[in-house]
Amino acid sequence: MLVLTRKLGEIIRIGSDVTVRLLEIKGNQVRLGLEAPPEVKIFREEIYRAILNENEGAALDGREVMDAAATAVRNHRMGSRLARDKLPG
Amino acid sequence: MNVAGEVEVESVSEVRVHSDRFGDFTVPEDKVLTLPEGLIGFPNYHSFVIMEHRTPSLLRWLLCLDEPDLAFAVADPSDFFPDYRVWPHEELDGLGLERADDVAVLAIITIPGDPSAMSANLMAPLVVNVGTRVARQIILDNGLYSTRHPLLGPSVQG
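Protein chains in written order, with the numbering used here: chain B, -4 to 84; chain C, 341 to 498.
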């Protein structure tokens, strides 16, 4: 890992078109200003990790999983409709 | 890696897909979606298609044509979450979208062992430019949405 020391307001450049500027230090928090071309997506690591895990977990194991889910959705909708129909007025 | 799935172009207009896991599909070529960046965690797969389920359902298939044993359940979030909005979002600009009319939004559904606990990933929807059929999984990091919104709330009780 490359470790650099920077002062407030100073910039690190990554490649030719990504920059990271140290904007503010408050207690144990640091504010960074990032500039990058639109094709370079910038994410907070924990957000990216959560979505990656969710995508991997959402990959279907087989047709029967989808069948069971479709049935659950249909039954739930039907249950809601029946319950609503029974409401007085 | 996986030799089980294969995709064979049958004619200009249809792609036949064989998946050991999901069976056989015939896909109209003009329905194929291109995901230039893939899905998050699956950056190498760029070609997908949305298929109806064999019984009418609010859930649809998002089937990967590059790897036919990879598929997801997806749903139009407005069927379950009427107030859900992806607009505005700077990443939508990358899709060449001017108006909300040009875009279809799909949420990827996670189906656990108990399907009644299924959830929608509203934080990272798939947005599709309907005209060009280019799609991206965008991240709504606005504090409003999580990766797991229960799809089936409690039934309305009488």
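Simulated from the structure, these hints should not be mistaken for lab results.
Note that the coordinates shown come from a computational prediction; the quantities given were computed from them, not determined experimentally.
A portion of the hints provided could be inaccurate.
Heads up, simulated SDA-like pairs for lysine to any residue below, C-alpha to C-alpha not over 20 Å straight-line [claimed, not checked]:
1. B/K36 - C/D454
2. B/K36 - C/D481
3. B/K36 - C/H386
4. B/K21 - B/R39
Computed from the model, here is a short list of chain C residues facing chain B with C-beta under 10 Å [to be verified]:
5. F362
6. E377
7. S456
8. L492
Virtual Cβ for every residue (Gly too), placed ideally from N, Cα, C.
| field | Hints the structure fails to honour | value | Number 1 only.
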